[in-house]
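A.B. asks: Here the protein sequences come in this chain order: L and R. For our numbering, count along the first sequence from 1 and bump the result up by 1. Position 207 of the second sequence, counting from 1, maps to 206 under our numbering, and the rest follow consecutively.
Treat the hints with care, since some could be wrong.
Said to hold, decoys possible - In silico DSBU-like cross-links for lysine-lysine, where the CA-CA straight-line distance does not exceed 35 Å:
| # | chain 1 | residue 1 | chain 2 | residue 2 |
| --- | --- | --- | --- | --- |
| 1 | L | K347 | R | K255 |
| 2 | R | K42 | R | K111 |
| 3 | R | K100 | R | K79 |
| 4 | L | K168 | L | K225 |
| 5 | R | K318 | R | K42 |
| 6 | L | K27 | L | K193 |
| 7 | R | K318 | R | K277 |
| 8 | R | K136 | R | K111 |
| 9 | L | K46 | L | K117 |
| 10 | L | K347 | R | K318 |
| 11 | R | K23 | L | K347 |
| 12 | L | K46 | L | K225 |
| 13 | L | K117 | L | K222 |
| 14 | L | K112 | R | K136 |
| 15 | R | K79 | L | K213 |
Unchecked claim - Some chain L residues well away from chain R (every beta-carbon gap over 10 Å; in silico):
| # | residue |
| --- | --- |
| 16 | H32 |
| 17 | Q284 |
| 18 | H320 |
| 19 | E323 |
Derived by calculation from the structure, the hints in this document are not laboratory data. Ideal placement from N, C-alpha and C gives every residue a C-beta, glycine not left out.
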Amino acid sequence: MGTDNIIYLDNAATTAVAPEIAEAIKEIMVHNYGNPSSLHGLGLKAANHLRAARTTLASCLGTGEDEIIVTSGASEANNLALLGAALANQRKGRHIIYSAIEHPSVIEPMKFLSQKGFEVEVCPVNKHGIVEQPVLADMVRESTILVSIMMVNNEIGSVQNIAGLAKAARTVNQKVYFHSDCVQAFGKVMVKPRQLGIDMLSLSAHKLHGPKGVGALYLNKGIKWNSLSLGGGQEGGRRSGTENVPGAVGFALAAENACKNLEPDCRHMYSLKEHLLRLLGEQDIPFAVNGPDPLDSLYSAPHILNISFPGIRGEVLMHFLERDHIYISTGSACSSQKTKSSHVLKALNLPGERADGAVRISLSPCNNRQEIVRLVESLSRAVSQIRDLV
Amino acid sequence: MFNAILCRYGELGLKGDNRGYFEKTLLSNIVQVLEPLAGVSVKRLSGRILVTYQQNVESVLERLRLVFGLVSISPAIVVKPDVEEIYQAAEHLFSGFYNAKTFAVRCRRSDKRFPMKSPQLGAWLGSRIIENHPDLKVDLGSPDLAVNVEVRESLALVYAAVYPGPGGLPVSSSGHGVLLLSGGLDSPVAGWMAMKRGIKLTAVYYHSFPFTGDHAKQKVIDLARRLAAYNRGSMQLVIVDVASIQETIIERCPEKLRVTLLRRMMLRLAESLAAQIKAQVLITGDSVGQVASQTLESLNVISEAVDMLLLRPLCAMDKTEITALARQIATYETSILPYQDCCSLFLPRHPATRPALRETLQAEALVEWQPLLENAFNTREVINLAASLS
């Protein structure tokens with residue numbers, strides 16, 4: 002997929018839209034452009050496309066169709082989930098917990114809530130980037146209304162046992178609502194909110210070869226929650242704004258592919274990761290893996306590998322690989338544009354130099370072994386070149 | 000009713016026999032920056048320049064405010080040299096100035112065939128205005144509204160407001176210079192100051208892929224576009240790749256002299272460019288004592304690499320003053336973006352703050368630089384940028 006000769010290994014930042022999905026989106030944009038709220042036939046046709054997309058998403062997640070809110074992406078879903086739940090439940094209590102390795106679209110709403118008088122606490126992770134159940138259980142109180150913990154971390158790929166964490170929190174306080182940012186998890190691990198026992202989760206389409214600008218929020222039907230997006234009353238009055246029909250259709254196709262092929266895709270990506278680590282090990286270059294044991298499928302997502310090469314800054318290495326048309330990332334795409342080092346790597350208590358040196362290689366089912374071989378060749382050439390210069 | 004802008008220039012008038020040349024340059028600069036706008040004409044009156052327009056007065060004003068050499072500008076009404084028309088125009092000034100309680104009329108007459116003498120015309124206009132506005136009082140010292148009338152051979156000008164222009168000398172009236180432009184705060188301000196003294200600029204940026212990424216290059220392009228607004232609406236940006244020079248310095252020369260040597264190479268490349276485009280001066284953003292390469296010892300050793308005139312307009316300015324100017328000329332927001340213009344890999348742990356010339360020349364003698372410099376210069380990229388207005 003993508004342009005010839007490019008090796009794209011930054012799939013946790015975004016992915017190429019699958020050509021057949023782009024075609025389907027174009028078809029909707031050009032021919033089925035009706036507004037689902039319109040009363041005429043074109044409107045009905047659009048509403049039917051939207052409904053079919055929602056049915057697909059619901060069946061991928063194993064939820065009711067009316068529990069899916071289509072949003073502009075996961076950042077919006079995270080904002081709506083956290084602010085809406087906090088607002089609706091503030092009389093029950095004002096204590097909220099989130100993990101130290103959340104995405105900024107969770108951290109910032111939490112900071113906002115803290116300024117508005119909520120008591121917001123950060124749950125630490127261990128050195129592998131995992132939230133431990135007893136640690137979380139210890140923090141939950143009578144006044145805790147909300148816990149938010151991401152399922153797969155975008156920088157280091159650590160996988161949380163969400164079912165276990167939700168259970169641990171509810172053992173202390175059964176009224177706690179549990180939210181999980183599942184952007185990196187969807188299509189890589191099983192994401193079924195009812196089985197996991199959680200109330201809200203956020204998804205994004207563009208990490209699964211779907212389009213940018215569309216995502217979803219799962220909201221448990223029984224939850225007390227306030228909408229913050231008011232207007233025409235679309236999405237069952239929970240998120241106003243004319244629905245992004247082409248986006249929803251593209252998202253549904255991407256989700257369907259990802260869910261259908263979950264197991265073979267994961268096996269493929271793990272085997273690429275394994276291959277990468279083996280080839281890297283055969284080179285004469287020292288490196289360190291940041292986060293969980295990369296081959297432990299219980300704690301490490303198949304598509305993310307975060308590594309540091311001692312004494313080499315991540316951004317320098319990134320640009321050296323770019324010379325060979327290989328695209329990787331330093332930290333996460335958002336934080337690599339700021340000069341400060343990543344809060345996720347800091348939460349692992351990594352020494353500063355190792356955090357500055359971290360690069361993230363993130364796979365998609367479309368990558369292949371040939372590309373991994375070229376990556377390792379290029380990496381080892383770049384590392385020794387940079388070494389010679391330092 | 001407003002249909003013209005009266006432009007004044009001050010210092011130019013002092014230039015004796017060269018006055019015609021300065022005026023011509025200023026006139027052509029104004030024509031150049033207004034060229035993209037339709038319906039605008041520019042002509043020279045004695046000691047003034049008159050811009051008439053049909054629409055877009057804001058765009059005309061915005062552009063004129065960036066023309067060095069203009070001391071002040073006034074939105075004006077151009078009418079025939081006829082007393083009744085002059086009176087109607089004067090009345091119009093009051094319609095835009097509802098709160099005026101006092102006024103004065105100031106007349107000048109360069110066309111001595113005009114039937115009234117200046118004081119006579121002033122008195123006549125004043126009494127007509129009072130007839131129409133019985134509450135108005137005359138205050139010749141500091142009126143709320145001064146009605147200025149200039150009667151010339153074929154036209155009369157009526158205006159009230161006088162706005163300051165940017166001052167300085169018309170760009171290119173002093174000659175042509177090469178600005179060493181980085182992505183930092185200082186060099187764009189240095190370029191602005193050089194243009195203010197009439198130097199037309201060509202900018203040179205030293206790129207160093209893969210040590211620095213394309214974001215750093217884009218930042219410099221954006222800065223050059225902004226500076227182009229002052230540089231007669233366009234800027235030629237020359238991009239020279241110095242990666243192989245940097246590599247050679249790292250490999251072959253003492254670590255503490257890296258920056259000193261690189262700066263000498265940069266000046267040499269700028270000198271080659273200046274020779275090619277017949278520029279007379281190099282301009283850098285150095286400020287004395289700011290960093291290790293800007294001590295007097297460093298500046299001495301660095302300047303020694305070239306023979307041609309090298310100006311450092313910011314030499315005696317503090318960072319706070321430079322920052323204030325950067326904000327004023329709207330380069331600040333771009334300059335503070337985090338993409339580094341020089342690779343951290345390259346910076347020595349302990350740079351020489353007082354490099355000795357002898358030591359530097361010895362270090363330089365270790366390598367045959369000419370082929371490296373020639374190759375870098377010959378593979379330069381040239382981009383012609385049109386101005387971006389803020």
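A.B. asks: Hint by hint, where does the structure go against what was stated? Just the numbers, ascending.
C.D. replies: The structure breaks hints 5, 9, 11, 14, 15, 18 and 19; every other hint is satisfied.
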